[in-house]
Amino acid sequence: MAQEARCTDAANKIIERERFIVDSITTKTRRSIGKMLFQVGSRPLFAVTKDYYLNEVITRVGCTNICADVAGGCSKEFVVRMKPDFIILTTMGGLATEEEMEWHKLIKNAHCLIVDENEAGCPTPTFYRKTLEKIANFVNNQ
Amino acid sequence: MNKATQYILFVIVLVALSILSITIGSSELSAIDILSGKISYESTEWTIIRHLRLPRTLTTIGIGALLSLSGCIMQGLFRNPLVEPYTMGLSGGAVLGVAVTFCLGLQISFGIPALIISALLGGLLTMFVVLTIRRAIKCDINSMLLIGIMISFATSSITTLLMSLTTHENLSQIISWSIGSMDSASEEMAIFIVASALVATFASAFLGNIINALSLGATEAQHIGINSQKMIIILFVVATLMAAVSVAAVGVVAFVGMIIPHIIRRIAGHDHRYILPLAAMGGSSFMLLCDIAARTIIYPRELPSGVITGICGCIMFIYLTSRQRNEHN
Amino acid sequence: MNTIDIQSLTVGYGKQIVIRDISLSGNIGDIIAIIGANGSGKSTLLKAIIGDVKQQNGNIFFNGINSYDITTRQRAQIVACVEQETYASQMHIYDYVMMGRTPFRSLFSLTDSDDDRRIVSQALDTVGIAHLANKALAETSGGERRLACIAKTLVQQPQILLLDEPTANLDWANKVAIINLLRTLAQSMCLVIVSHDVNEVISVANKALVLAEGHSLCFGDAHKTITPENLSQAYKTDICEINIDKESRIMMAKGLLKLKIEN
Numbered sequence: 000m001a002q003e004a005r006c007t008d009a010a011n012k013i014i015e016r017e018r019f020i021v022d023s024i025t026t027k028t029r030r031s032i033g034k035m036l037f038q039v040g041s042r043p044l045f046a047v048t049k050d051y052y053l054n055e056v057i058t059r060v061g062c063t064n065i066c067a068d069v070a071g072g073c074s075k076e077f078v079v080r081m082k083p084d085f086i087i088l089t090t091m092g093g094l095a096t097e098e099e100m101e102w103h104k105l106i107k108n109a110h111c112l113i114v115d116e117n118e119a120g121c122p123t124p125t126f127y128r129k130t131l132e133k134i135a136n137f138v139n140n141q
Numbered sequence: 000m001n002k003a004t005q006y007i008l009f010v011i012v013l014v015a016l017s018i019l020s021i022t023i024g025s026s027e028l029s030a031i032d033i034l035s036g037k038i039s040y041e042s043t044e045w046t047i048i049r050h051l052r053l054p055r056t057l058t059t060i061g062i063g064a065l066l067s068l069s070g071c072i073m074q075g076l077f078r079n080p081l082v083e084p085y086t087m088g089l090s091g092g093a094v095l096g097v098a099v100t101f102c103l104g105l106q107i108s109f110g111i112p113a114l115i116i117s118a119l120l121g122g123l124l125t126m127f128v129v130l131t132i133r134r135a136i137k138c139d140i141n142s143m144l145l146i147g148i149m150i151s152f153a154t155s156s157i158t159t160l161l162m163s164l165t166t167h168e169n170l171s172q173i174i175s176w177s178i179g180s181m182d183s184a185s186e187e188m189a190i191f192i193v194a195s196a197l198v199a200t201f202a203s204a205f206l207g208n209i210i211n212a213l214s215l216g217a218t219e220a221q222h223i224g225i226n227s228q229k230m231i232i233i234l235f236v237v238a239t240l241m242a243a244v245s246v247a248a249v250g251v252v253a254f255v256g257m258i259i260p261h262i263i264r265r266i267a268g269h270d271h272r273y274i275l276p277l278a279a280m281g282g283s284s285f286m287l288l289c290d291i292a293a294r295t296i297i298y299p300r301e302l303p304s305g306v307i308t309g310i311c312g313c314i315m316f317i318y319l320t321s322r323q324r325n326e327h328n
Numbered sequence: 000m001n002t003i004d005i006q007s008l009t010v011g012y013g014k015q016i017v018i019r020d021i022s023l024s025g026n027i028g029d030i031i032a033i034i035g036a037n038g039s040g041k042s043t044l045l046k047a048i049i050g051d052v053k054q055q056n057g058n059i060f061f062n063g064i065n066s067y068d069i070t071t072r073q074r075a076q077i078v079a080c081v082e083q084e085t086y087a088s089q090m091h092i093y094d095y096v097m098m099g100r101t102p103f104r105s106l107f108s109l110t111d112s113d114d115d116r117r118i119v120s121q122a123l124d125t126v127g128i129a130h131l132a133n134k135a136l137a138e139t140s141g142g143e144r145r146l147a148c149i150a151k152t153l154v155q156q157p158q159i160l161l162l163d164e165p166t167a168n169l170d171w172a173n174k175v176a177i178i179n180l181l182r183t184l185a186q187s188m189c190l191v192i193v194s195h196d197v198n199e200v201i202s203v204a205n206k207a208l209v210l211a212e213g214h215s216l217c218f219g220d221a222h223k224t225i226t227p228e229n230l231s232q233a234y235k236t237d238i239c240e241i242n243i244d245k246e247s248r249i250m251m252a253k254g255l256l257k258l259k260i261e262n
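Chains as they are written, first to last, in numbering that gives the first Met the number 0: chain A, 0 to 141; chain B, 0 to 328; chain C, 0 to 262.
Just so you know, the hints here were simulated from the structure itself, not pulled from any lab data.
Wrong hints could be hidden among the right ones.
What the hints assert, rightly or not - A partial selection of chain A residues facing chain B, derived with a Cβ cut-off under 10 Å: (1) V69; (2) F77; (3) M81.
A quick note: this is a predicted structure, and the numbers were derived from the prediction, not measured.
Cβ atoms here follow ideal geometry from the backbone N, Cα and C, with glycine treated the same way.
Take the sequences, apply the hints, and build the full model.
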């Protein structure tokens, strides 16, 4: 995009800055902090799998994705049985609040965080870094 | 088989399927362990039963009953075996209501209740439109059916227009919502749906006489003392309410309202005083079977129950029709 | 006080008047024939009596009570109608006949009383279709369905029974069966029969109303009303009378006769 727009210098600066922050988050992260569910859809429940680029966010913050191999949606029962420590929810068009309440009822010890679906779902360097930062801070503070 | 035996059999099947629904899932739980209290209230199993399987089972039972009752009443009213609760535009109106809500972003401010209320209002609005047109042009019951079908097409067209203009996220949400599924069943919803179904089942048995009379035709019903015009409206409203509550709660679950009354009539005859409660139990049992299949066939993924009912219903309908034709020949 | 008393009745559909200023009366034991050409308003008159169409003018009294002052249910307890066409549903004949008890029991009743069952069995026997009780309407012939409809009206125990073309589309055997049945029924009811077949009603009716273009030509004793002159005026074709014997006569359109009749 930067090459087409003939601003590769500025673009490289942005990429370098964001990569530096992302790498520093990754190196500081403790390994195997816990299990995570990253929910991106409700009715039916859709979670980030190993084929999503967001799966990298989960591994960078030191967590295991409980739905890594479950493509095409999964059941709540499966999630409850897997007992995730962290549940990240995108805003899902305003439905995240009810989902969060539901998860607190089902998995008492799970920590929930709602992230903006427009930021999390947009794979630009800046938004990727922002999402990673937010989740990393959340995970490390629990 | 006499009537009492049929009733007992239906109750047994319903209870057995209910127990199966609670015990089958990510891991099989023994019914005896559940009933004898061997499962700890702190355990994952108890959480799954209490917060997931039990509300889901109750919601499924209620939805099955409501849709079957609604279909049975409508088929008696319109004397048409192809009529089901959604024929008159109810599902189209409900999906349109949800589409409007997503397009306006109302669910952002008001959450899931906004979707439920908009679905209910959308469905009831189509009912209101049908009744208003009927009153304005003073048509008979067959014309009323045609009006409902046209309203159904109209609402579908408007929904398609909205879907073509809205964002990709909204589009997938609308489609997901419109496919009937029990996975969003909460405890509050379960209590409401089961209560509605119990009231509907109890009340509908007492409407059986009126439906029996109307199944002979509005004119002949009038000749034996039924105020046909008033009763047609009351029954239509009652049947639509039952289906509207169901669609608002779980989305569009196809075929249950069409196929279950057929099966019940083949087993138990045509006296609506007797077959309406049986239809409720039959519908609940069928929905339970479909829901168990939906959440176990490709575990840990789930299929929408509406897909299973559609496929099973279609196969059963073709089988019953061909069997009826063979018997006739 | 007559069982049925129609005074200056005018009925129409919207702005179109179909029958105007019709009067007739009858009591238990009377068989009133309503005859006239196509479109003369015979069926409309029956519909007005049963309540299917609203009268625009005039009154209908049942045992002295104005029809405006009774409910649909009360009307059904007094007046019954043998439908021209019975919907061929899957309902069994027994259950169909039981529907005739609807005006006399709670709308919300769940079971049939012993009394109702006895009345239905009696009606099935009277009409001669007890052997068809467990057969579905859709599996019966037109004649059997007509008899089932008559049985249904019997259990309604009406004082006035309306019949619109009761023997239409039936074979001779069924026609005779129904005419004989009507003679029996007339002992406890007032029958009002609409028929195109004048000769059929001549054999049973004691009163007749002749309609022509929505107006009453005459009403009264059947022998004095059903005459070649009145019928010629009503049907707008020459009608002649052929006397079979002292008691029996038939009416025939001259145009249908192959032999020339000497006046």
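| chain B contact restraint on M81(A) - CB to CB distance below 10 Å | Interface hint status for M81(A): holds (9 Å vs cutoff 10 Å).
| Against chain B, with CB atoms and a cut of 10 Å, does the hint on V69(A) hold up? | Holds - the Cβ of V69(A) comes within 10 Å of chain B, reaching about 5 Å at its closest.
| Satisfaction of the F77(A) interface hint, Cβ to chain B closer than 10 Å | 4 Å, holds
Every hint from the earlier list agrees with this structure, and none is contradicted.
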